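2 protein chains.
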Amino acid sequence: MEVFFRPRGIAVIGAAREPGKVGYMVLYNLKNSFRGPLYPVNPHAREILGLRAYPSVLDVPDPVDLAVVAVPARVVPRVVEEAGRRGVKGVIVLSAGFREVGGEGVRLEEELVEIVRRYGMRMVGPNCIGVYSPSTGVNATFFDPSRQGFPGPGPVAFLSQSGALGAAVLDWAEMRGVGVSRFVSLGNKADVDEADLLAYLVGDEETRSIAMYIEGVEDGARFRRALEEATVVKPVVALKAGRSAAGARAAASHTGSLAGSYRVYMAVFRQTGVVPADTPGEMYGFALGLALQPPMAGDRVAIITVGGGSGVMASDWLSSVGLRVPELSPGTQARLRRVLLPFASPRNPVDVTGSARDEHLVEALRIVAESGEVDAVMLIPYFNLAGISNELPAKVARVVAELRRQGVMIPIVAPVVGGRRAWEIARRLEREAGVPVYGSEAEAARALWALRVYGRWLQRRGALEDYLERYRRWVLGGGVGA
Amino acid sequence: MEVFFRPRGIAVIGAAREPGKVGYMVLYNLKNSFRGPLYPVNPHAREILGLRAYPSVLDVPDPVDLAVVAVPARVVPRVVEEAGRRGVKGVIVLSAGFREVGGEGVRLEEELVEIVRRYGMRMVGPNCIGVYSPSTGVNATFFDPSRQGFPGPGPVAFLSQSGALGAAVLDWAEMRGVGVSRFVSLGNKADVDEADLLAYLVGDEETRSIAMYIEGVEDGARFRRALEEATVVKPVVALKAGRSAAGARAAASHTGSLAGSYRVYMAVFRQTGVVPADTPGEMYGFALGLALQPPMAGDRVAIITVGGGSGVMASDWLSSVGLRVPELSPGTQARLRRVLLPFASPRNPVDVTGSARDEHLVEALRIVAESGEVDAVMLIPYFNLAGISNELPAKVARVVAELRRQGVMIPIVAPVVGGRRAWEIARRLEREAGVPVYGSEAEAARALWALRVYGRWLQRRGALEDYLERYRRWVLGGGVGA
Chain A
1 MEVFFRPRGI AVIGAAREPG KVGYMVLYNL KNSFRGPLYP VNPHAREILG LRAYPSVLDV
61 PDPVDLAVVA VPARVVPRVV EEAGRRGVKG VIVLSAGFRE VGGEGVRLEE ELVEIVRRYG
121 MRMVGPNCIG VYSPSTGVNA TFFDPSRQGF PGPGPVAFLS QSGALGAAVL DWAEMRGVGV
181 SRFVSLGNKA DVDEADLLAY LVGDEETRSI AMYIEGVEDG ARFRRALEEA TVVKPVVALK
241 AGRSAAGARA AASHTGSLAG SYRVYMAVFR QTGVVPADTP GEMYGFALGL ALQPPMAGDR
301 VAIITVGGGS GVMASDWLSS VGLRVPELSP GTQARLRRVL LPFASPRNPV DVTGSARDEH
361 LVEALRIVAE SGEVDAVMLI PYFNLAGISN ELPAKVARVV AELRRQGVMI PIVAPVVGGR
421 RAWEIARRLE REAGVPVYGS EAEAARALWA LRVYGRWLQR RGALEDYLER YRRWVLGGGV
481 GA
Chain B
1 MEVFFRPRGI AVIGAAREPG KVGYMVLYNL KNSFRGPLYP VNPHAREILG LRAYPSVLDV
61 PDPVDLAVVA VPARVVPRVV EEAGRRGVKG VIVLSAGFRE VGGEGVRLEE ELVEIVRRYG
121 MRMVGPNCIG VYSPSTGVNA TFFDPSRQGF PGPGPVAFLS QSGALGAAVL DWAEMRGVGV
181 SRFVSLGNKA DVDEADLLAY LVGDEETRSI AMYIEGVEDG ARFRRALEEA TVVKPVVALK
241 AGRSAAGARA AASHTGSLAG SYRVYMAVFR QTGVVPADTP GEMYGFALGL ALQPPMAGDR
301 VAIITVGGGS GVMASDWLSS VGLRVPELSP GTQARLRRVL LPFASPRNPV DVTGSARDEH
361 LVEALRIVAE SGEVDAVMLI PYFNLAGISN ELPAKVARVV AELRRQGVMI PIVAPVVGGR
421 RAWEIARRLE REAGVPVYGS EAEAARALWA LRVYGRWLQR RGALEDYLER YRRWVLGGGV
481 GA
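Chains as they are written, first to last, in the numbering used here: chain A, 1 to 482; chain B, 1 to 482.
If we strip away everything but chain A, and leave its shape as in the complex, we get (with noise of 0.2 Å):
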């Protein structure tokens, strides 16, 4: 697998000179990104993108072990054949026309599989988008920069068996401001699967969280198996598409999915300790969580505010999700009176008030954690109050360090409520204090379901000490947050 994502040299056959092409965009994204070699192969060009192209990839020279292909689907067998021999040990095969289009497709595709073996390759495709790698300067997808989002490098790995819809994930998550690890579009999955990409992600240093789009697996063991082995050691997120008949129905017209039943594969979730999401939106956020804070290890929440009204919802959404929001003992009630106004209520929520500054937030916040008596904090200051600064994120980041060196292990979000400006800042949140910041509420309650139902997979399974152990060493040894 470390082929597609640490490649030594990329040969692009089928790169094409008019630019809107696919096998010219593909170029020119590997161009802007990848800092190895990089050959064109088409036979009627001599140079494209200002650089040299070869006829065949068998007349390309050393090093190339990466193969992009963007010929028509009836080509494909051919020129997949020619880069087996030429020692490719990888290929990402961008064209359509396979088994999704039926009849001759399938044959095709049949064809290409047999040869994809006999030479010992791996294969990503047919019909996908391609392969995105930001940290090792792979993108090897034909999306137009000018119209597509490209995130930077980040903790989370995202699989996705829709391309059009993982490539509008990637857009959404730039505009978002959160990274990518590996960016995988599986497309026919003739040869690499889910399972192949799993047991590749665990070990992947780069990637701290999976995330998944599925519409229908054909190995349910093999998929289950991998999902066991990666459990334990990384959160998998997965979004199940076609839960109801009608999107059951649209998943086999789309991707040729069997889609299953959903209750099945809810079934292997739970017992997989595999994350459920329910939207693109939400299985990004659940990953990114998972990749930034620590599990709940229990289900009592404390929720600090500078609105009542959000107060009130964040209880709401918590509750709704099975978490508590108890009381908080008359010590810690004590001591937070200490330091809050007057007005400020030291139940939980604790509300610092619209009045409140930011030295407010972040003395309850450490006040709350440190007490020992909750399991994860929901933070929720609305930026657009006089005493909120755009200091926040640091001071923040500064708490949570010293909880962590602490040995304070538990979960940190913050809702943004509010527009532009809020967003700024809370983005800071993320980057500074590596607490993950979701659009609502509701949002971020379901996150920290998401923590808690990973927490208590971990318990279930008598791993949770050894991945708080190694979470505590990534975050002090210079993680997101410490």
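Because the hints were derived from the structure by calculation, they are not lab data.
No incorrect hints appear here.
Which copy is meant is left open, because identical chains are indistinguishable; a pair holds if it fits in one copy or across any two.
Keeping only pairs whose Cα atoms sit at most 25 Å apart, straight-line, the calculated DMTMM-like set for lysine to aspartate or glutamate is:
1. K395 / D144
2. K31 / E18
3. K21 / E391
4. K21 / E100
Fair warning: this is a prediction, and the values are worked out from it, not measured in the lab.
Position chain B against the provided structure of chain A, taking the given hints into account.
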């Protein structure tokens, strides 16, 4: 009520010279918004922000029919009495320190209400963040516009029992690019409450739908009557916080509201045709959809998508809210096949594929909407694809206008799948074609659910035909989307 939104002159009692103070900020905001006479009242100043100051509201020249009050609670009764003597008709009391603090505050509030009644005035507040009505130039709030977004004029009125949350929602609306007709922070509701404002807003031409954030109401019977009278004319969306035990406890400590049983509120909403929302974003999104589109007269939805995965998820979400995604008739499928690409699917979801151009989407929209086989359309463009251009909003607007002229009155909504550029173009879809946009297939499905809830209510009341006739007149008379 009119005086709060269209005052002839405004006095700011407690206008301050010190930037950052409430009495400064509200004058600052009014100076930058209000086009009529504005009078700072402050016995220690001769001029504030370049405006002549008066020692008392009694000294203020004509015309003055609205007073905004920002003095300490104990002084409020005296200055409000002076306003009454001066002939002021409405007061907005921003000051806190009344019923919400108990004890002496309760007595002060009673005294205040007695004065307001004695002079036949109406009062918003106390303990509120004010009133905002952009089209009439009233920004009587004290939020700093360098930290707080103020949306432009729009079709949604928004009443909030929580001030800070109300401001945060306005901030969000500004970022999101959706406007507001009237915003009122209700505060302690010592005089003006939801029922008063509902009665006013029903007759307010600029308001096409009403959104409310509620923790608890005092006079349930009055509230219910106001809702009954409003919803046959205009859609009302309500977010009732305090659903859970933890949330109800938080509400009691926040606004002192007896949150009442959530189920009782839900029953009242059901019986009066109010659409319940679960989050502030959803509340605003429902209200916007109801303002721009006709309600759903049945439960059949067509999905038109460029991405298969989105079609699957949209099907799932529509099913989960009780809407149907029926197969289209052979005749309609044949008409679609004639205009779509060879690999497109003319069933439902209509999958125009990632290779589609604008024309495929808009022709599919026309054919499906004209078929009479569905009661709504969910249109899913991906703006990162090469074939989908910046011109799509204008093209959709033309088709929608034609449909409306033909009398096709089914709602059209669009999820935005993607990032920054997708949102920019999608917002134009909203502004130019009146097609409301949502952040995911899930949100768009929920919005259609809201349109169906309201449509069913109008059908039950025998009021759908009249409503659609008013909608037709509005949209053909220059409303957004025709």
